[in-house]
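Put chain B on the given structure of chain A with help from the hints.
Protein chains: 2
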Amino acid sequence: MAIAATEPTSVRSFGPATALSCRECGERYELTPRFACEFCFGPLEVAYDFGTVTRAEIESGPKSIWRYRSLLPVPDNVAELPNMSPGLTPLIRADRLAAELGLDSLHVKDDSGNPTHSFKDRVVAIAVEAARTFGFTTLSCSSTGNLAGAVGAAAARAGFDSCVFIPAGLEEAKVVMAAVYGGKVVALDGNYDDVNRFCSELIGSPEGEGWGFVNVNLRPYYGEGSKTLAYEIAEQLGWRLPDQIVVPIASGSQLTKIDKGFQELIAAGLVEDKPYRVFGAQATGCSPVARAWEQGHDVIQPVKPDTIAKSLAIGNPADGPYVLDIARRTGGSVEHVSDAEVVDAIKLLARTEGIFAETAGGVTTGVLRKLVREGRLDPKAETVVLNTGDGLKTLNAVDAGPTATIAPSLEAFTAAGLA
Amino acid sequence: MAIAATEPTSVRSFGPATALSCRECGERYELTPRFACEFCFGPLEVAYDFGTVTRAEIESGPKSIWRYRSLLPVPDNVAELPNMSPGLTPLIRADRLAAELGLDSLHVKDDSGNPTHSFKDRVVAIAVEAARTFGFTTLSCSSTGNLAGAVGAAAARAGFDSCVFIPAGLEEAKVVMAAVYGGKVVALDGNYDDVNRFCSELIGSPEGEGWGFVNVNLRPYYGEGSKTLAYEIAEQLGWRLPDQIVVPIASGSQLTKIDKGFQELIAAGLVEDKPYRVFGAQATGCSPVARAWEQGHDVIQPVKPDTIAKSLAIGNPADGPYVLDIARRTGGSVEHVSDAEVVDAIKLLARTEGIFAETAGGVTTGVLRKLVREGRLDPKAETVVLNTGDGLKTLNAVDAGPTATIAPSLEAFTAAGLA
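Protein chains in written order, with this note's numbering: chain A, 6 to 424; chain B, 6 to 424.
Only chain A is shown next, with the shape it has when bound in the complex:
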């Protein structure tokens, strides 16, 4: 099924996308539900012929990721289809946090503003359109929690059946959110890497036939959703790339796609070419990429995750080597912080900016603080830190409750020393 040229009949359903292309050997394939190269087993990516894309065209588009549809593998009429229309989440000027950390200019890209309150709505939205085009009727995924909710909601909105797979023992909010939309939620005894292995097995079996696994056989499409984070940050900064960005690492895909998004904006002439530094953030309890970085290795040694940052708890991150490449090329690095630092950073972000982040946002904010303290980030340069999820989904991470419980009287109020 490898092809040499673009496939004209696919152009409409996949917008500017022309083919799948192997990231390793460059072999090209039709736009089909496949994810690995037949020849070298490298991961497949979407290849495009963008044509001319203008700022004005984007700015006059929908208030969602669909304003960037000319840069995404989606149908031209995607904004009219029943989907979650995620994105265009706030880029928040964080002056109080910047002051506390000693930075001149800091923004928080707060992706808890998405429909199911994590960045996963972005990637799922693209995968759903691919699933629709390919005629799948069941949507599936392996998930650390946020993705399961995003798939459940998107499937409901778009009229798909869904069956999602999660490791047992996830946060209650994530499990409820995965299940409330009425699809099947299967908890597997094991960690995320076990769930992932199970899904690879299922997809090759008769039971998984006709299923669209958003992060397996639809992965090349799915991954492109993360580029929209880069597009939005640049547009929201006034069509300018930030100097420094701190990104969480689970599989590593998001970080690589943010870099891809920045590069595409430069190539399309939508922003000026300039250097930017990409920093990856992991929790110490699941830091295989940060460890490879520390040790100067190119290969990622898988680990068994043990951290409260469950949404980042992927012990065998597929895109780890690409993350190392990007950190090296851009002059960034890959760092990790302990669970205690994660909790502390969640509270810091809440107290200074009124943003209640998931543990993943504690990881990025904690790593940002560490980088500033250790002098490895330029405090004068324009910095963006990502919060990719919502504190409401990881409530137990923070130990927060009433200051006091009293009788409803002034006497009780005064007696409690609250006045």
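Read the hints as simulated data drawn from the structure, not as lab findings. From a predicted model like this one, the values you see are computed outputs, not experimental measurements. Hints may be right or wrong, so weigh each one.
No copy is singled out in the list; a pair is fine if it fits within one copy or between any two copies.
To be verified - In the SDA-like style, the derived pairs of lysine to any residue whose C-alpha atoms are separated by at most 25 Å in a straight line are: (1) LYS68 to ASN82; (2) LYS189 to ASP349; (3) LYS309 to ALA417; (4) LYS68 to GLY243.
Using the frame of chain A, we list chain B on its own:
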């Protein structure tokens, strides 16, 4: 402090607002932190001199409620100040829910997209700007939960101290969210009406001096935030009023302000004048306004709330009589649904549209279904239903969990009958 004319010195800080005006007797006051008429004890409202406001001006504004700043009592530069910039939440075309209910055209206004995931961010944002102008340093409120989180976050972002009051026994997520931003959270043994009484006592005491209670002494400003729901719905429908709208009732303020917002749009020539019907929604366990409606009374008989819809559990709703007026004038009504119907409606909305609503959204969706079933809503007319909060904050209302928990193997998957 009553004044006869507008107060030019206030114009800049409060934008187009010119005075406070008594809703009952029309007496006018300077724009100060007060909420009741000295003469007749009626509630005070913000009066304006809008001048010319155009659709183009609004459409080119910020992607938040600040696009409507020419219609709100806020400083001209409000979008540059450190606040939560809520609003412009999605108006979701709900074709699958419409089909299931038998409606031709239905939209869900989903206010869970706000920064702290309830509509309260709208009202707090206006109150915070008033508090800033008045020089208050502590923000406070009586809250059924969502407001406490909204005040905590907004205070953190804007650099205020905060001390919020809630009834003991609220949902965990609401308590954690209220506390995580670092302000004081005081739980009072009693229900919301007890909390409200306590705050009125506190505000008249030396202990409450210099405090801005967003829903007490800042209430006239605060209330105006709800108008933005009306503005957004009209703009998102293509500058058109809906034919029918279903709105939850707690204090009743939101419903009255949505009506006010529609009327202002008509008066400003931003939409065509046309009839619209406003329907109020309560949970049976706290339905004093619906009962007054049923019985044809003008006076609200307070009740002791007993419902899972805690965000609507105000037994003595201040704006109840105004709600009855509006329902009567517009040809709407005020209805109630049981807690079981609330849960069922939450699941219906989730299953058909991928929207996970708080119990309050179950109340409005449940009432919508009831109105259609009983033939009291025109199924051919353009209908909007409000979801004002987030299912993540009332997790326990829905009994949702994994379909199955199994070993990560194909055999286990097949054996569990999941294939």
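To see whether the hints hold, each was checked on the structure:
In this assembly of identical chains, the alpha carbons of LYS68 and ASN82 lie at most 25 Å apart whether taken from the same copy (15 Å) or from different copies (23 Å). For the identical chains of this complex, LYS189 and ASP349 are inter-copy neighbours only, at 18 Å across copies versus 35 Å inside a copy, given an alpha-carbon limit of 25 Å. Within a single copy, LYS309 and ALA417 get their C-alpha atoms only as close as 50 Å, which misses the 25 Å cut-off; across copies the closest is 23 Å, which meets it. Both within a single protomer and between protomers do LYS68 and GLY243 lie at most 25 Å apart by alpha-carbon distance, with minima of 16 Å and 14 Å respectively.
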